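Protein sequence lines correspond, in order, to chains E and S. First residue of the first sequence? That's 0 in numbering that gives the first Met the number 0, and the numbers climb one at a time after it. First residue of the second sequence? That's 0 in numbering that gives the first Met the number 0, and the numbers climb one at a time after it.
If you're looking for bench data, these hints aren't it; they were derived computationally from the structure. Each hint can be trusted.
BS3-like, lysine-lysine: derived pairs with alpha carbons at most 27 Å apart:
| id | chain 1 | residue 1 | chain 2 | residue 2 |
| --- | --- | --- | --- | --- |
| 1 | S | LYS240 | E | LYS240 |
| 2 | S | LYS144 | S | LYS115 |
| 3 | E | LYS79 | E | LYS69 |
| 4 | S | LYS32 | S | LYS20 |
| 5 | E | LYS256 | S | LYS139 |
| 6 | E | LYS240 | S | LYS115 |
| 7 | S | LYS148 | S | LYS115 |
| 8 | S | LYS100 | S | LYS139 |
| 9 | S | LYS100 | E | LYS240 |
| 10 | S | LYS100 | E | LYS256 |
| 11 | S | LYS3 | S | LYS100 |
| 12 | S | LYS213 | S | LYS231 |
| 13 | E | LYS256 | S | LYS144 |
| 14 | E | LYS240 | E | LYS256 |
| 15 | S | LYS231 | S | LYS115 |
| 16 | S | LYS213 | S | LYS115 |
| 17 | S | LYS231 | S | LYS337 |
| 18 | S | LYS144 | S | LYS213 |
| 19 | E | LYS125 | E | LYS330 |
| 20 | S | LYS20 | S | LYS240 |
| 21 | E | LYS256 | S | LYS148 |
| 22 | S | LYS3 | S | LYS231 |
| 23 | E | LYS256 | S | LYS115 |
| 24 | S | LYS3 | S | LYS213 |
Label pairs and their calculated CB-CB ranges:
| id | chain 1 | residue 1 | chain 2 | residue 2 | range |
| --- | --- | --- | --- | --- | --- |
| 25 | S | THR103 | E | ARG335 | 34 to 44 Å |
| 26 | S | GLU80 | E | ARG335 | 36 to 46 Å |
| 27 | E | PHE197 | S | GLU99 | 46 to 56 Å |
| 28 | S | ARG135 | E | MET190 | 41 to 51 Å |
| 29 | E | GLN192 | S | GLU99 | 38 to 48 Å |
Note that the structure is a prediction, hence the values are computed from the model and not measured. The beta-carbon is built from N, C-alpha and C at its ideal position, and this holds for glycine as well.
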Amino acid sequence: MATYDFLFDGAGLRDWCDTGKTGDGPVSMADLLAKTGVSEEQTAWNLPFPSLDELNEACGSIAQSRDLTKGVENSFLAAKDALRFVLDPITQPLSWLLESTLSVFEATPWWIMFPLLMIVVYFASKSVRLVIFVTACLLFLAFVDHYDHAMQTLAIIFVCALLCVLFGVPIGIAMSRSNRLQRMTIPVLDMLQTLPPFVYLIPLIFLFSVTEPKLYGIAIILYAIVPVIRLTDLGIRLVDKDVIEAADSFGMTDRQKLFGVQIPLALPNIMAGINQTIMMSLAMVVIASLVSAPGLGVLVLRGIRNLELGVGLVSGLGIVLLAIILDRVTKSALDRVNAAQKH
Amino acid sequence: MTDKIEISIRNLYKIFGPDPKSALEYVYAGTSKADLLNDHGHVLGLRDINIDMRDGDITVIMGLSGSGKSTLIRHLNRLIEPTAGQVEVDGEDVLAYDEEKLRTLRRQVMSMVFQKFALFPHRTVAENAGTTLKVRGVAKHDYLKEAHKWLDRVGLQGYGDHYPHQLSGGMQQRVGIARALTSNSPIMLMDEAFSALDPLIRTDMQDLLLELQKELHKTIVFITHDLDEALKLADRLVILKDGHIVQQGEPQYILLNPNDPYIEDFVSDINRARVLRVSSIMTPLDDSGVPPDAHGEVAHDDTLESMITRSGGDTSHSYLVMRDGQPVGTLEMTSLVKALVPRVASEAGARKY
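Isolated chain S, as found in the complex (with noise of 0.2 Å):
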């Protein structure tokens, strides 16, 4: 994982209306959404998105429905064009794009994935996947050969001659991502790629999906509205609410240090012990050396649920966390049962929104 930043947004505002420029003054004078629709009938899509994504990151935009997610995601490829702001993809500035050029980021940098699959119903499955590069004109020989590569690495060996409407939901979207694998781009786009699926599909095809990256280090642009998902996927969560980010950083951070009751309301539903790691809540190492009354070593992305089964329920526990080999850390279980309560406990402000 590089520092490198793959794709920056900078002030975005997308306002839905008869007149988008005219309403977005209202926007910058501070009129909130809600007026800006009763008062003057334009829809506040996007304001002011700020987010730097890196290369080879999974970033998650999380939000509910209405929040602007999926708004978002398709000004990346430009599939709806932004009232104001830039869109900065490897340093260029995408909205400057020509339609030449546009169409050269679609097929080479970029490919998505949807929530409806949006296979091709009257092509087979191989050729759904090698959609992408027959866009660019690749002989059919060639694409189909690819393909076939990528629909056996997500698990569809042998489908290829089948017609979408003859696989499952989750095979389906297993061709959607072979599709957008077989572009070879260095950017997926994932616009709810998994919430159609039912759970325990959805549970593989997560699993399928870090497992890819781990090999790929592609940089995943994932719209959820599952706040287990994106704990789960997220290097980086970017939280959206009514169409500006509430909060964003590390996943573990924003579920330790929630800084609205939107997100403290969201963070509290969620089984603590298994998504928190151990680095997350662990005392840092100081010069005094390694303590010695510690219970064992543990690895430092161990969960705290592993940790529980570990110490066998016994909160007297301590342990030393390690890195690399290298002690980096202390855990006391006490503070370990601690971080499994959330800051504000859920029962008073729950759902509020």
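Here chain E stands alone, though its shape is the one from the complex (with noise of 0.2 Å):
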């Protein structure tokens, strides 16, 4: 009956594939619709493709695709409580501090964020320009009554972006020292830049519950780490030759020399890293949403479900105005780090 019979009757596989034949299987949406529509004639130029569902039809002892995936799973399902075990610990600081961060953020009122912001703004740019600007699109932000979102969105990119820093270039530097730990890093971190954000969601919601906010805290840092991680590595390894020969034939230690010479001679290139971290935490931010991640995404996600097409945009506009002001700061903070080290 089915086209790959004699594959099995001719290999004498015949007796073999009826054992493992279970009558009350489920029934597969093709087999529905075969025994109410006509069977197709089979000819060469239909020929199916020899895939587990194709071979399982005429052997019931081969396991069908749907087997794979429920394998996966399950073996995901059984793995999951130990992971849990291990990962929860580690990982609920996390929470605390995104918890803490947002009702700072959301508590303090805005008479007093306002200027602590452009002392921010100033101190990082020393540009008065920049800070009126930014306090311009803050004020506009405000006025369409967004600012509470959006400060829920800057204390997540807060918390992940220095989380990222913190733990990304440590990695970049120990990179740099080994070829071997930078052979062993540099797929991890091509899979993680690769794998489209919603991949990532997928197991980080049957790890932890969607309540919590390390679910998205993590989500986030795992797809932003890894700008701030290359580009230490590469920093590093850009400084000039002659200047750690000279480092070394003063006789500096390594700590000296990570500290004096190679860390502020990267600091460009660090910085550049940072900067497109801090991007990248926004970009996710807005899809961590999905998983209860508070802030202007959640209006995004609003517009999107209800069709409420203003809502979606005019949050969208938020967004681009925080980007750009995330970006304008940063750059020009490592513009003065660049002017003050040029060559």
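Two chains, two frames, a set of hints: combine them into the complex.
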């Protein structure tokens, strides 16, 4: 009946096939269709690819594709408790950190937050024009009642980008000192960078409860940490060999060399990495609103879900403004570092 | 100047490649540099180097690019590890040093000046000059004071707060020299220190170095590919070619008695009148006493150029050579003129290398 019957009949495996056949297995969609419609005539032109499902039709002992996905799911669920047992306590501080930062950003009244942000921007960029621009953007956001959401987004980015730098820079330094570690780390970084963000939300949802902040925290950090690691590694490796040799010839210890020469000279690259990391956190924080991350992303999501075009577009504009602010401020900080150590 | 040997290099070999130890056996057996590369895939960096450097001397190591001179100087402070041989500094075997002692050596005994300056671009000129002290843990106030002292000494008064990129090449190298001097180490290693500078600045820097040396009497190892520079600075000259020593000795002696076509070709382009000194070509005074027909007295370290000016080009003159107020020899202008022509005219063998 099935296309590949001849394979198993020819190999004398028919008995083995039939012993594996269970009559009351779930009925597939194709079976149902076959029952209702007229079965197509088999010609060489519509010969189906010998996939698992096709072979299963000819021989019941062969697994179906859905058994494969089922198997992946089962093995993940089996490992889930063990993973949770390890990961839950380790990542718990991230939840606390996100919760407390969010409540601090939300609790701080706007008339304290505005001057505070202006001071931060001024010290990062030393540019009055930029301070005026940032203030104007924030005033606009507050004026259209997006202030609270913007602050939530900012709080999440603040925590996640900070953690990215805190972990990413040391990892990058370690990579720059060991070629083996670099070879091992790069495939992982490549994977993190190419996996669509939605894909690593899936296992995270199974591992942690959707109501926990660390769920989106981890997703954002995994997504955004890559550039800062890469650029730290690159920056340190690009430091002028002659200068390193000079440092050696004066008897610097590894520590003196790292903090006195390599990191300062790699700083432009590290700053570029931090800029990228912040921008990627912002991109992810919008997607993370699917898993209960608060902020402007929630409004965008509402716009999509309820087809509220205006809500979606205005909050989208808010995200763009936030992105411009973060980018300009970090870029101008980067420029100041660059100007200080022109060769 | 004492006769104490400050740095002594014995049977030093350096081979670059995946397995230098086994390649060394071939070199001991007499395999040439080209054969070693073709047959065994190893590069012979240095072969059987033996040099004694005296305390307070400027030892110039000269060779063309690829001759191994930069490799050699890096063996002295072990920026490069040798394949075989000994390096002794002040009687101690440097190669036996552990990391801690090596660091002390680099911090306190040797300081280095680099061809490409290798200043720290993120630190001010004064901080750069003080690096050698900062590394030792000297407080900022103290090392800056010392740095400013040496910056003044090399002619960079008032530039302490600038950044290296704001200075010209010559000034940057002055910072490099100040940095090495600030460490107050007895030995200075200078790796093509002036090669990246343009000719006028280079002459200035050479004069500066000689002037400093007159006062400080450091043991200086100077690498160069420029024979004029080598002859100007050297108390002792070592000529390297393809990783081995072709000739070493007093520069004047090498100039007058080159023992290899390679060196003859090198020295044939030199303005001999400016480099050679009276003492190198005079006839030593024997017991017969002072000849009566001398046209005057000249100092033993006068250059031939100044003698030609003095005699007005008249080759019939002869002079009495004086050292420390005592007559030590006579100089015939005819022998002076002969000394101006290289022993082997350069035309035949020129630019073969």
